[in-house]
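Enquirer: Could you put together the complete structure from these sequences and hints?
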Amino acid sequence: MKKFALCVLIAFGCVLGLSAKETTLSRRNVTSSALKNLIESEYVNSAEIDEDGDLFIDYDGINGYAIIIDNMSLIRFLSGWTASSSLSEKNAVALCNQWNSDKIFAYAYYVDGKFRLDYYMPFEGGLSSTNFNTALEMFFELAGMFWDFLEENEAL
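Each residue of the sequence shown is one higher than the last, beginning at 12 in our numbering.
If you are wondering where the hints come from, they were derived from the structure by calculation, not from laboratory data.
Nothing here was measured: the structure is a model prediction, and the numbers come from that model.
Fair warning: there could be bad hints in the mix.
Simulated pairs of lysine-lysine, DSS-like, Cα-Cα distance not exceeding 30 Å [stated by the list, open to error]:
hint, residue 1, residue 2
1, Lys125, Lys101
2, Lys114, Lys47
3, Lys32, Lys47
4, Lys114, Lys101
5, Lys125, Lys114
Listed next, with one range per pair, are the computed distances between beta-carbon atoms [said to hold, decoys possible]:
hint, residue 1, residue 2, range
6, Ser44, Met149, 16 to 26 Å
7, Ser44, Met83, 17 to 27 Å
8, Glu165, Ser112, 13 to 23 Å
9, Ser37, Gly124, 37 to 47 Å
10, Met83, Thr35, 17 to 27 Å
Glycine included, each C-beta is placed from N, C-alpha and C at the ideal position.
Expert: In structure tokens:
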């Protein structure tokens, strides 16, 4: 019971801490630059806007993008890895299907010799810093798991 009470207090403290820093962007103010300013994770080594205007993020050694699809009010999180040259397309697709069979938040696929992992986040009614940072952390956690899965299956 003491452990449960401690967990509740810690969670409550985290919520209070997050709400103190909470920033909310209106739909029209969601830009790569604004997303970069929302990042709060201690695991982000760097975040830069590339020549296409997309936000490139190095998250604890895993690289990925946050790409704004403005006409659909979506942020696309994308990461990718080059497949081993000895891996057939059939086996690469089978690995993606295996991964996708029990993961519901991100979609893995194989195209042009590369594995990709996608996750989409809507922002139609605006975007809070808490929601963005939660999605960012969840995506990169999944990307790390996918990378481990590909390594274990000697696909990279």
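Enquirer: Now tell me if each hint is right for this structure.
Expert: We went through each hint and held it up to the structure:
For the hint linking Lys125 to Lys101, the alpha-carbon distance of about 13 Å falls within 30 Å, and the restraint holds. Between the alpha carbons of Lys114 and Lys47 the distance comes to roughly 27 Å, so the proposed pair stays at or under 30 Å and holds. Only pairs whose Cα atoms come within 30 Å are accepted, and Lys32 paired with Lys47 is accepted, the gap being roughly 15 Å. Between the alpha carbons of Lys114 and Lys101 the distance comes to roughly 20 Å, so the proposed pair stays at or under 30 Å and holds.
Only pairs whose Cα atoms come within 30 Å are accepted, and Lys125 paired with Lys114 is accepted, the gap being roughly 19 Å. At about 22 Å, the beta-carbon gap between Ser44 and Met149 stays in the expected band of 16 to 26 Å. Judged by the Cβ atoms, the range 17 to 27 Å given for Ser44 and Met83 holds: they are separated by roughly 20 Å. Remark: the range hint 13 to 23 Å for Glu165 to Ser112 is upheld by a beta-carbon distance near 19 Å.
For the pair Ser37 and Gly124, the supplied restraint of 37 to 47 Å holds, since their beta-carbon distance comes to about 40 Å. A beta carbon spacing of about 20 Å between Met83 and Thr35 agrees with the range 17 to 27 Å that was offered as a hint.
Of the hints listed earlier, there is not a single one the structure fails to meet.
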